[in-house]
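Please take these sequences and the hints and turn them into a complete structure.
Residue strings, one per chain:
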Amino acid sequence: MSCESEEYMDLIDKALDGEITAEEQAELDRHMESCENCREHYHALKEIIFEMKEASPVVAPAHFTENVMKMLPEVKKRSMPAQ
Amino acid sequence: MESLINSLVTQVKSGNREAFEGLVEIYKDKIYRLCYRMVGDRHEAEDLAQEAFVRAFVNIDKYSGSYKFSTWLYRIATNLCIDRLRKRKPDYSMDAEIPGTEGATLYSQVADADPLPEEEVEEREKRDHLQQEIMKLPEKYRTAILLKYIEDMSLEEISSVMDLPVPTVKTRIHRGREALKKAYKKVAKSR
Numbered sequence: 000m001s002c003e004s005e006e007y008m009d010l011i012d013k014a015l016d017g018e019i020t021a022e023e024q025a026e027l028d029r030h031m032e033s034c035e036n037c038r039e040h041y042h043a044l045k046e047i048i049f050e051m052k053e054a055s056p057v058v059a060p061a062h063f064t065e066n067v068m069k070m071l072p073e074v075k076k077r078s079m080p081a082q
Numbered sequence: 000m001e002s003l004i005n006s007l008v009t010q011v012k013s014g015n016r017e018a019f020e021g022l023v024e025i026y027k028d029k030i031y032r033l034c035y036r037m038v039g040d041r042h043e044a045e046d047l048a049q050e051a052f053v054r055a056f057v058n059i060d061k062y063s064g065s066y067k068f069s070t071w072l073y074r075i076a077t078n079l080c081i082d083r084l085r086k087r088k089p090d091y092s093m094d095a096e097i098p099g100t101e102g103a104t105l106y107s108q109v110a111d112a113d114p115l116p117e118e119e120v121e122e123r124e125k126r127d128h129l130q131q132e133i134m135k136l137p138e139k140y141r142t143a144i145l146l147k148y149i150e151d152m153s154l155e156e157i158s159s160v161m162d163l164p165v166p167t168v169k170t171r172i173h174r175g176r177e178a179l180k181k182a183y184k185k186v187a188k189s190r
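Chains as they are written, first to last, in numbering that gives the first Met the number 0: chain P, 0 to 82; chain U, 0 to 190.
Careful, some of the hints might be misleading.
Facing chain U, a subset of chain P residues (Cβ under 7 Å, in silico) [to be verified]:
no., residue
1, Met8
2, Asp12
3, Ile48
4, Phe49
5, Glu50
6, Met51
7, Pro60
8, Met68
9, Met70
Within a straight-line C-alpha distance of at most 30 Å, the following computed BS3-like cross-link-like pairs (lysine-lysine) qualify [said to hold, decoys possible]:
no., chain 1, residue 1, chain 2, residue 2
10, U, Lys12, P, Lys69
11, P, Lys45, U, Lys181
12, U, Lys86, P, Lys69
No wet-lab data here; the hints were simulated from the structure.
On a predicted model such as this, the values are computed, not experimentally measured, just so you know.
C-beta: ideal position from N, C-alpha, C; glycine also.
Below is the structure:
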């Protein structure tokens, strides 16, 4: 835990989830001005999220669609078990 | 887009195989990427993504349309990935070499062909590292984190895909990112 106060941890989660109110954000900002732990915690989480979103694009290999189409059962059966 | 997808689904349901090709084209990258991030291995990801589409085709009559087709497809794919990960477990140790490192090979090949500026290499290493850390997360956190941040889904959608209540999804996302943060910090310090 970065800070003794659970309250600020909740606010940080809310901020990262985009669910924080303007009032709460102001309160969190005020707190983070003096609390280095919370500030670090917040920025570290933000960085992780940014990194994940920026993760280099992965695309399906060549001939993917072709291969899937080849794999489909010949006649689509109405009641095949889902497994 | 939604209406195109619905029309393709209807056509497949009425026996038009070719219409399924359209659906595969639309979703192949997303489904493959999800599988890759889940299992960390390109060949396995291809295998799983293909299987997900085949199952969707075979079971298309079970898709009721009460939620988005993509949600249904994602659910099939995540379940297949989770099954695969569970089967893998006996000889799968947390400390063993991580399958996610395969991505590193891919990046190195690119780097060999065309030398990259140093910052870009660092950036790639960081991403490989992140994939490795994602691979270490327990699968329940991993699924939630991937759907949220890589696939950019809403909590409601994730809740449908994972078949879990929204608050549970939220908790898993919070715990997952917390775990990633801890792992990340450790490495940053050891550098």
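Consistency of the hints with the structure:
| no. | hint | result |
| --- | --- | --- |
| 1 | Met8 | 9 Å, violated |
| 2 | Asp12 | 6 Å, holds |
| 3 | Ile48 | 6 Å, holds |
| 4 | Phe49 | 9 Å, violated |
| 5 | Glu50 | 5 Å, holds |
| 6 | Met51 | 4 Å, holds |
| 7 | Pro60 | 6 Å, holds |
| 8 | Met68 | 6 Å, holds |
| 9 | Met70 | 5 Å, holds |
| 10 | Lys12(U) to Lys69(P) | 18 Å, holds |
| 11 | Lys45(P) to Lys181(U) | 13 Å, holds |
| 12 | Lys86(U) to Lys69(P) | 27 Å, holds |
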